[in-house]
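Chemist: Residue-level listing of the chains:
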Amino acid sequence: MTAGLIEARGLTARYGDSKALDGLNASIPAGEIVAVLGENGSGKSTFLKILARVLRPSGGVLEFDGRGLESLPRRQTARRIAYVPQSVELVFPIRSLDLVLQGRAPHGNGFVAETAEDFRRARDAMRACDVEALAERDASALSGGERRRVFLARALCQEAEVWLLDEPTAGLDPRHGLEFLETLWRIHRERGTTVLLVTHDIGLASGLASSVLLLKAGRTIARGPRSEVLTPENLSLAYGAPFERRGARFGVRSDVLPAGSFDL
Amino acid sequence: MKPISRGPALLAGTLLVLVVAAIAFSVGGVHLPLADLLPGRGEAGETARMLAALRLPRVALAALVGGCLALAGAALQALLKNPLADPFLLGTSGGAAAGAACAALLGASPLVSPAAAFLGAAAASVGVAALARRGGRLDLQRLLLAGLIANAFFSAMLLAAFSIASGEASRTMLFWMMGSLADATPGKVAALAPYALGGAAVLLAAAGRLNLFAVGEESAAALGVDTERTKRVVFLAASLLTGAAVAFAGVIGFVGLLVPHGVRAIAGNDQRTLLPLSALAGAALLVVADAVSRAALAPVELPIGAITAALGAPLFAWLLLRTP
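Chains as they are written, first to last, in the working numbering: chain A, 201 to 464; chain B, 344 to 667.
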């Protein structure tokens, strides 16, 4: 078995006194879409933030491309790993094009001034994410779906080979969610981008991801190809709710609700 | 929302400062026609030169203090992603004034008071940052709350010092509380300039990184910024500018709040333009406010802080109403 692009062994992290990660193990192969699943507080977002260098781990091993992630210069990893945050409150107006241009910050001359080349890449990225028409608009006044795609364009403009997405479709209606995922899928296919996708949508994970990382209380309880990890037993253990298989899908049983069970 | 060009904007800002400085220079209890400064004006020329020697340092001090306060406010607003951030809100200027007042109360010579103000500002910064630190990180919301507490504490200290002090000491105490440019001398201008330029250089160098804070601290970190270091550097440089301004002009409120908002409305929120333009606009604003304070009810001088507060407090209220 070859080592993944990202290897985590016994990774721990804490917020003050509480453990956020408690010995997480993961191996993320290059070029795959990996869904990170688990109940609220299981450490999904924490793992993503550690990979994005937003948080520091408190212990364990975390390697990126064979080297300790924490020992690499920040700007160097920012050129290779892009983070698309869950939701961002924009207090001051910011032109969408300027937001996408932020993706050039880890490259070039250290945040001093953009070059014509930076503008060209930003425009290309906006075109690929279908937000070129919004370039001059204030990003703080865009709809949720538009803004997610502007952030996707920023990640594209960053030219990173790894994308970290934290619940990218949460809060989007079905159409905007679909448009977002289609854009993501197209870019993944065209560029071979490695994608880590934190989500609560098991259907999305089983449809889009090739492998799954299942977390509970900051630990890995299952990982590997989606067909092996996504079983009623694993899901019931991860979420503490009674799961059952329904064809290609999964559902939770309820003794209380009128319909008795629901597809997930 | 096309961004404005940086070069022409900065040139216009510089011209604005020069023009208002020239006007402010001739305004006051006694009108000073600039033409009288030309050679060959006889007795009128003599009088003009005497007046100029008094007024020039005052205009220069107003410009430097206004620039310091506005730049510090603009940088803090960008760092904290909060339109209400201001050196006064974070307790820095309160700490500076309290430091200077303590030194005066202990009978220290006026030469020591700038140093005491810097110490007070630095102590306030360190204390507020320590209160705001959680799990090894500087939490921005706690920072604002800690500033609020620090401000209340320093105001009480300043009032206590004022009630204990007598004679000359109470007059200087009043100077720090009310803020004034009346005691400007060339020596003060020369002493303030290196702090102003040093602090400004640090903040302007951080402008590109501060831009990334507009989308949030986590986003900036993920784009390769050492956010903890940037926060420390910007916070300390803003404290230095504020401490220097308070030491030489007392507490003058609302400049750091007022100016960045006006500039942002015209020039947008790119910190590489906003920061230098705020410094220039702050200089212009305080020069004008000082001229108004001298000329409005001459020979009585209005406190300059009353003029900036009359402009700034309504803006603060308006911003508060708009903040969700």
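It is possible that some hints are incorrect.
Just so you have them, the derived chain B footprint on chain A, three or more residues with Cβ under 8 Å [to be verified]:
#1 244 to 257
#2 296 to 307
#3 445 to 453
By construction, these hints were calculated from the structure, which means they are not laboratory data. Virtual Cβ for every residue (Gly too), placed ideally from N, Cα, C.
Chemist: Does each hint fit the structure? Answer for all of them.
Modeler: Hint check results:
Check result for the segment 244 to 257 of chain A against chain B: holds, 4 residues qualifying (beta carbon to beta carbon below 8 Å, three or more required). Coverage of a stretch by a chain is defined here by at least three residues with a beta carbon nearer than 8 Å to that chain's beta carbons; for the segment 296 to 307 of chain A and chain B the count is 6, and the condition holds. Given a C-beta distance limit of less than 8 Å, the hint that chain B covers the segment 445 to 453 of chain A is violated, as 0 residues qualify and 3 are needed.
The structure shown violates just one earlier hint, number 3.
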